[in-house]
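Visitor: As you go down the protein sequences, you meet chains C and W in turn.
Quick note on numbering: this note's numbering labels position 50 of the first sequence as 50, and the sequence is numbered without any gaps.
Quick note on numbering: this note's numbering labels position 97 of the second sequence as 97, and the sequence is numbered without any gaps.
Some hints could be false.
[Stated by the list, open to error] Taking lysine-lysine and the BS3-like style, the derived pairs with C-alpha atoms no more than 30 Å apart in a straight line are:
#1 W:K97 <-> C:K7
#2 W:K3 <-> W:K52
#3 C:K7 <-> C:K65
#4 W:K52 <-> W:K97
#5 W:K97 <-> W:K3
#6 C:K65 <-> W:K97
Quick caveat, the hints were computed from the structure, so don't treat them as lab data.
Chain by chain, the residues run as shown.
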Amino acid sequence: SAVISQKPSRDICQRGTSLTIQCQVDSQVTMMFWYRQQPGQSLTLIATANQGSEATYESGFVIDKFPISRPNLTFSTLTVSNMSPEDSSIYLCSVDLVRGRYYGYTFGSGTRLTVV
Amino acid sequence: DAKTTQPPSMDCAEGRAANLPCNHSTISGNEYVYWYRQIHSQGPQYIIHGLKNNETNEMASLIITEDRKSSTLILPHATLRDTAVYYCIANPFNDYKLSFGAGTTVTVRA
Numbered sequence: 001s002a003v004i005s006q007k008p009s010r011d012i013c014q015r016g017t018s019l020t021i022q023c024q025v026d027s028q029v030t031m032m033f034w035y036r037q038q039p040g041q042s043l044t045l046i047a048t049a050n051q052g053s054e055a056t057y058e059s060g061f062v063i064d065k066f067p068i069s070r071p072n073l074t075f076s077t078l079t080v081s082n083m084s085p086e087d088s089s090i091y092l093c094s095v096d097l098v099r100g101r102y103y104g105y106t107f108g109s110g111t112r113l114t115v116v
Numbered sequence: 001d002a003k004t005t006q007p008p009s010m011d012c013a014e015g016r017a018a019n020l021p022c023n024h025s026t027i028s029g030n031e032y033v034y035w036y037r038q039i040h041s042q043g044p045q046y047i048i049h050g051l052k053n054n055e056t057n058e059m060a061s062l063i064i065t066e067d068r069k070s071s072t073l074i075l076p077h078a079t080l081r082d083t084a085v086y087y088c089i090a091n092p093f094n095d096y097k098l099s100f101g102a103g104t105t106v107t108v109r110a
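Bound conformation, chain C alone (with noise of 0.2 Å):
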């Protein structure tokens, strides 16, 4: 069953805007995590957004670049900043959610972002 939902689902902007990508859970969760996959890539973490703190960043990404919100246990968002044609992209939200016997991360469907 469906637990995350990003939006939108895919996205063609202009460069020099920023996006702001939401992500939904049915779930309460501490931690909610935001990843990039570039085109024929593997998934990178940006960061890490927990509610009432700061988001953590990985290196190589900036929170200027890209602010997170995570105003609650349910919902956050990521902004993708002036963006340029090397940020077109899926971004993808990922919780850590325990039912049963998983233990594994889940994953939202993805923005597909191109930048023109």
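Position chain W against the provided structure of chain C, taking the given hints into account.
Guide: For chain W alone, coordinates are given in the frame of chain C:
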């Protein structure tokens, strides 16, 4: 985290078992082996994980060698819907920093 090595691609026949190998020769004692897959245009999906014992669930079986330096994911009866990129990840339990490598592109053919 230990680096894993997987073949870049493999084909298998529909209805047959698919055996996906993964090498993790530098795996640490506290690192589990996780398998995820990513079907085209979807987010990754958790399949199974294990530490040192073989594991089975409704999706697949995981066979880990006694020395833990390699493992095999087995899809018992592959279907066309199993066509995906399969990722083998060695990670401490509940370490959220999953390191996705290139994975194996599995194509199931009718």
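Visitor: All the hints need checking, so say for each whether the structure fits it.
Guide: Status of the hints after comparison with the structure:
no.: 1; hint: W:K97 <-> C:K7; verdict: 23 Å, holds
no.: 2; hint: W:K3 <-> W:K52; verdict: 17 Å, holds
no.: 3; hint: C:K7 <-> C:K65; verdict: 19 Å, holds
no.: 4; hint: W:K52 <-> W:K97; verdict: 21 Å, holds
no.: 5; hint: W:K97 <-> W:K3; verdict: 13 Å, holds
no.: 6; hint: C:K65 <-> W:K97; verdict: 21 Å, holds
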